[in-house]
Amino acid sequence: MFNKFINILLVEDNPDDVELTMHALKKSNIANPIEVVRDGQEAIDYLFYKGKYLNSKHSLPNLILLDLKLPKVNGIEILHKIKNDRKLKLIPVVVLTSSKEENDIMKSYDLGVNSYIRKPVDFDQFVETVKQIGFYWLLINERPQV
Amino acid sequence: MRVSLSVKILVVLFVSVAIVMTAVIYLTVTHQTEEMLKEVTANSEETASTIYAGIKYPMSVGDSGAVEKQLLEIKDRLKNIEVFICDTNKKIVFSTHLESIKKDLDNFILNKNILDELSYYLKSGELPEKTFEEQIGQKKYLVHIHTVQNQEECFRCHGPQKKVLGAILLRKSADKNYAAIATLKNNNMFVSILGIFAVILISHTLMVRVISRPVKRLAADIRELPMRISDGSYSVMTDVDRTDEVGDMQNSFNHMASELNEKTKALERSNIKIVKANKELEAFAYSVSHDLRAPLRNIDGFSKILLDEFSQQLDEKAVHYLRRVRNGTAQMSLLIDDMLAFSKIGRTELHLTPVNCGNIVNSIIEYYSKEIEDRNISIEIGELPVVRCDTIMMQSLFSNLVANALKFTRNTDNPRITIGYDENIEAIYIKDNGVGFDMEYHDKIFQVFQRLHLPEEYDGTGIGLAIVKRVVERHKGSVWAESELKKGTTFFIKLPVYKEG
Numbered sequence: 001m002f003n004k005f006i007n008i009l010l011v012e013d014n015p016d017d018v019e020l021t022m023h024a025l026k027k028s029n030i031a032n033p034i035e036v037v038r039d040g041q042e043a044i045d046y047l048f049y050k051g052k053y054l055n056s057k058h059s060l061p062n063l064i065l066l067d068l069k070l071p072k073v074n075g076i077e078i079l080h081k082i083k084n085d086r087k088l089k090l091i092p093v094v095v096l097t098s099s100k101e102e103n104d105i106m107k108s109y110d111l112g113v114n115s116y117i118r119k120p121v122d123f124d125q126f127v128e129t130v131k132q133i134g135f136y137w138l139l140i141n142e143r144p145q146v
Numbered sequence: 001m002r003v004s005l006s007v008k009i010l011v012v013l014f015v016s017v018a019i020v021m022t023a024v025i026y027l028t029v030t031h032q033t034e035e036m037l038k039e040v041t042a043n044s045e046e047t048a049s050t051i052y053a054g055i056k057y058p059m060s061v062g063d064s065g066a067v068e069k070q071l072l073e074i075k076d077r078l079k080n081i082e083v084f085i086c087d088t089n090k091k092i093v094f095s096t097h098l099e100s101i102k103k104d105l106d107n108f109i110l111n112k113n114i115l116d117e118l119s120y121y122l123k124s125g126e127l128p129e130k131t132f133e134e135q136i137g138q139k140k141y142l143v144h145i146h147t148v149q150n151q152e153e154c155f156r157c158h159g160p161q162k163k164v165l166g167a168i169l170l171r172k173s174a175d176k177n178y179a180a181i182a183t184l185k186n187n188n189m190f191v192s193i194l195g196i197f198a199v200i201l202i203s204h205t206l207m208v209r210v211i212s213r214p215v216k217r218l219a220a221d222i223r224e225l226p227m228r229i230s231d232g233s234y235s236v237m238t239d240v241d242r243t244d245e246v247g248d249m250q251n252s253f254n255h256m257a258s259e260l261n262e263k264t265k266a267l268e269r270s271n272i273k274i275v276k277a278n279k280e281l282e283a284f285a286y287s288v289s290h291d292l293r294a295p296l297r298n299i300d301g302f303s304k305i306l307l308d309e310f311s312q313q314l315d316e317k318a319v320h321y322l323r324r325v326r327n328g329t330a331q332m333s334l335l336i337d338d339m340l341a342f343s344k345i346g347r348t349e350l351h352l353t354p355v356n357c358g359n360i361v362n363s364i365i366e367y368y369s370k371e372i373e374d375r376n377i378s379i380e381i382g383e384l385p386v387v388r389c390d391t392i393m394m395q396s397l398f399s400n401l402v403a404n405a406l407k408f409t410r411n412t413d414n415p416r417i418t419i420g421y422d423e424n425i426e427a428i429y430i431k432d433n434g435v436g437f438d439m440e441y442h443d444k445i446f447q448v449f450q451r452l453h454l455p456e457e458y459d460g461t462g463i464g465l466a467i468v469k470r471v472v473e474r475h476k477g478s479v480w481a482e483s484e485l486k487k488g489t490t491f492f493i494k495l496p497v498y499k500e501g
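So the protein sequences, as listed, match chains A and B.
Residue numbering for the first sequence follows the numbering used here, starting at 1 and increasing by one per position.
Residue numbering for the second sequence follows the numbering used here, starting at 1 and increasing by one per position.
These aren't lab readings, by the way, just hints derived from the structure by calculation.
Careful: at least some of the hints might be erroneous.
[As the list claims (entries may be wrong)] Simulated crosslink set (DSSO-like; lysine-lysine; CA at most 30 Å straight-line):
{"id": "1", "chain 1": "A", "residue 1": "K27", "chain 2": "B", "residue 2": "K91"}
{"id": "2", "chain 1": "B", "residue 1": "K476", "chain 2": "B", "residue 2": "K494"}
{"id": "3", "chain 1": "B", "residue 1": "K407", "chain 2": "A", "residue 2": "K100"}
{"id": "4", "chain 1": "B", "residue 1": "K317", "chain 2": "A", "residue 2": "K72"}
{"id": "5", "chain 1": "B", "residue 1": "K279", "chain 2": "A", "residue 2": "K69"}
{"id": "6", "chain 1": "B", "residue 1": "K276", "chain 2": "A", "residue 2": "K69"}
{"id": "7", "chain 1": "A", "residue 1": "K107", "chain 2": "B", "residue 2": "K273"}
{"id": "8", "chain 1": "B", "residue 1": "K91", "chain 2": "B", "residue 2": "K163"}
Put together the whole structure using the sequences plus the hints.
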C-alpha cells in the first residue's frame with residue numbers, strides 16, 4: 001500500500017474556509033501535503049485509525065490546524081482526546097477559529113493547545129497569518145519524531 | 001442583656017402581687033393593733049374606775065393608810081399592773097411602788113409625750129380616756145391616764161376652786177399583746193407569701209401558655225422561614241384556632257409567610273428566566289463573533305482572489321466594485337468587533353484595583369506614536385490621578401477617547417491634544433482642537449451607532465463613545481463633553497478617585 005506522507009491535518013467544516021485556507025497555504029509556498037477532514041468525528045477517526053480510516057496507512061501529521069465549531073464532535077473535545085493520548089499529544093495543535101471568546105481560549109490552553117489564532121476577516125491578513133503559522137511550525141520549530 | 005418574655009411576665013406578676021399583698025397585710029395588722037389598743041384602753045378604763053371607786057372613800061376621809069392598803073391589794077391581785085396616783089404637780093401621792101411616793105412622776109414615767117399630755121390635762125381639766133405606749137429597755141408598756149375630778153366630797157380638803165385634783169396612771173406590761181400582734185403579723189406574712197407564690201405560679205403558668213409559648217413558637221417559625229422557603233418545605237401553621245391578638249398575629253404571620261413564599265417562587269422563576277436570557281445573549285454574542293465573521297471572511301477572501309488572479313479578465317468597473325465589496329466587509333468586521341466589545345463591557349465583572357491613569361494614557365499615546373509623529377500632533381499630558389477601576393475597561397475608555405481626538409483633528413492645522421486633571425471639578429479631561437460638534441447633539445454622541453459625520457469624512461462605527469459612557473457608568477462615574485464647531489472638543493470623565501490610606 002501507498003504510505004501517504006502527510007504534514008498538515010486541517011480540521012474544518014466550512015468548504016469556503018477550506019478553500020481559502022488551502023489557497024492561503026498555497027500562496028505561502030507551503031508545499032507540504034495537506035489532508036482535510038470535515039467534522040469532529042472524522043478527525044478523531046483519522047487520528048486514531050478508526051471508522052473509515054481503520055486500515056488506512058497514513059502517517060500522523062506534523063501539525064494540526066483545528067477549528068473549534070465543528071459538527072458531531074467539537075474542537076475542544078478533539079483537543080481533549082489528542083492531549084490525553086501519549087503519542088498524539090506530541091503533535092503541535094494550532095486552533096484556527098473565528099471565536100475570540102475568553103472561555104474558548106482558556107479551555108484550549110487548559111487542555112494544552114500549542115497556539116490559538118483567530119482568523120482575521122481581511123484576506124490579506126489571513127494569508128499572512130497562515131504563512132506565519134506554516135513557516136513557524138513546519139520550518140523554525142523543532143519537534144520530536146512521532 | 002436578653003430577658004425572656006416568661007421572665008418578664010414573672011417579674012411583673014411578682015411586683016404587682018407583692019404590692020397588693022403587702023398592702024393587705026399592712027392594713028390587717030394595723031387594724032388589729034388598733035382593735036387591741038381599744039380593748040386595752042377599755043380594760044384599763046374599767047380597772048382605773050374600779051381603783052378610783054376603791055380609793056375614793058378613804059381619800060375623802062384622809063385615810064391614807066387605807067389607800068395604800070387598797071393599792072397593795074390591787075398589786076397582789078393584778079400582778080402586771082403598776083398604779084401611780086399623782087397631784088396636779090405630778091408628785092406621786094400614792095403608788096404600788098412604795099419607794100416612789102413623794103417623788104416626781106418623771107422619775108418613773110419615761111415617755112415625755114405622756115408627761116406633756118398629762119400636764120395639759122391637769123391644767124385644762126379635760127377628761128381623757130387615753131392609752132399611750134411606752135418602752136423601757138426591751139420591754140413595752142401601755143400607760144393609761146385617768147384624771148381625778150374635784151367633787152363635793154373632796155371640797156373639804158381641796159376646796160372647790162380646782163377642777164382636777166390629780167391623776168391615776170396605770171402602767172401595764174404590753175409584751176404579751178405585742179407578741180400576739182407579732183405572731184399575727186408573722187402568720188399573716190406566712191400565709192401571704194404562700195398565697196403570693198401560689199398566685200404567681202398559677203398565673204405565670206397560664207400566661208406562659210397563653211402568651212409566651214405561642215410568641216416563642218412564632219419567633220422560631222419566623223427565624224426558620226427563609227430556610228424553609230428556600231428548601232421548599234414551607235407549609236402554613238395549622239393550629240390557628242385562637243381569636244385573640246396572638247391568633248391575629250399568627251394569622252398575619254401565615255399571611256405574610258405565604259405571600260413571601262409566593263414572592264420567592266416568582267423571584268426564582270424570573271431569576272431562571274434572566275439567567276436563561278443572559279445565556280442566550282452570550283450564545284448570541286458567540287454566534288455573532290463566529291458565524292457572522294466566517295461568511296464575511298469568505299466574501300473578502302474570494303473578492304481578493306478575484307482581484308489578484310483574475311484582474312486581466314475584469315474591467316476597471318468590476319475591479320472598483322470588488323474593492324467596494326472589500327471595504328464593506330472591513331467596515332462590517334469593525335462593527336462586529338466594536339459591538340462585541342460594547343456587549344462585553346456590559347456583562348463582564350468589574351475587577352477593581354488602584355490604577356494610575358497616567359500609565360494607561362502614556363501606553364496608548366505610545367501605541368499611536370507613529371501617527372502622532374507623522375501628523376506632527378502636539379501632545380500634552382498633565383498629572384493624572386490614581387483611580388479605583390477595572391484596568392482593561394479603563395484602557396478601552398482612554399483608547400477610544402484618544403482615537404477620537406486623533407480622528408477629529410485630522411483636518412486641523414497644528415493639531416493639539418491635551419490630557420489632564422481638573423482639580424476644581426475633580427475630572428480628567430481630554431481636549432482637542434479638532435472639528436468639534438454642535439452642543440445640540442451632546443446627548444446623542446454617547447448613544448450606540450450615533451454618528452454626526454459622513455463615513456467618507458470620518459470613519460467609525462458609532463460605538464466608541466457608547467463604550468466610553470458604559471465604562472464610566474459601570475464605575476459609577478459620569479462623562480460629558482464641551483464642544484464648539486471647528487474649535488474643538490473637551491471630554492470630561494469623573495471617576496471615584498482612589499486616595500491612598
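Worksheet item: Are K276 (chain B) and K69 (chain A) close enough, with their CA atoms no more than 30 Å apart?
Response: holds, 22 Å
Practice prompt. Measure nothing beyond the straight line between the CA atoms of K91 (chain B) and K163 (chain B); if it is 30 Å or shorter, mark the hint as holding.
Written response: It holds: about 17 Å lies between the C-alpha atoms, which stays within 30 Å.
Fill in: Given pair status - K91 (chain B), K27 (chain A), alpha carbons within 30 Å
Roughly 155 Å between the alpha carbons, so the hint for K27 (chain A) and K91 (chain B) is violated.
Worksheet item: Does the structure keep K107 (chain A) and K273 (chain B) at a Cα separation of 30 Å or less?
Response: holds, 27 Å
Discussion item. What's the verdict on K317 (chain B) and K72 (chain A), does the C-alpha distance respect the 30 Å limit or exceed it?
Written reply: violated, 44 Å
Fill in: Given pair status - K494 (chain B), K476 (chain B), alpha carbons within 30 Å
holds, 9 Å
Worksheet entry | Restraint status (C-alpha distance of K279 (chain B) to K69 (chain A) at most 30 Å) | holds, 18 Å
Worksheet item: Is the hinted pair K407 (chain B) and K100 (chain A) satisfied, with a Cα-Cα distance of at most 30 Å?
Response: holds, 27 Å
Against the hints set out earlier in the document, violations occur for numbers 1, 4.
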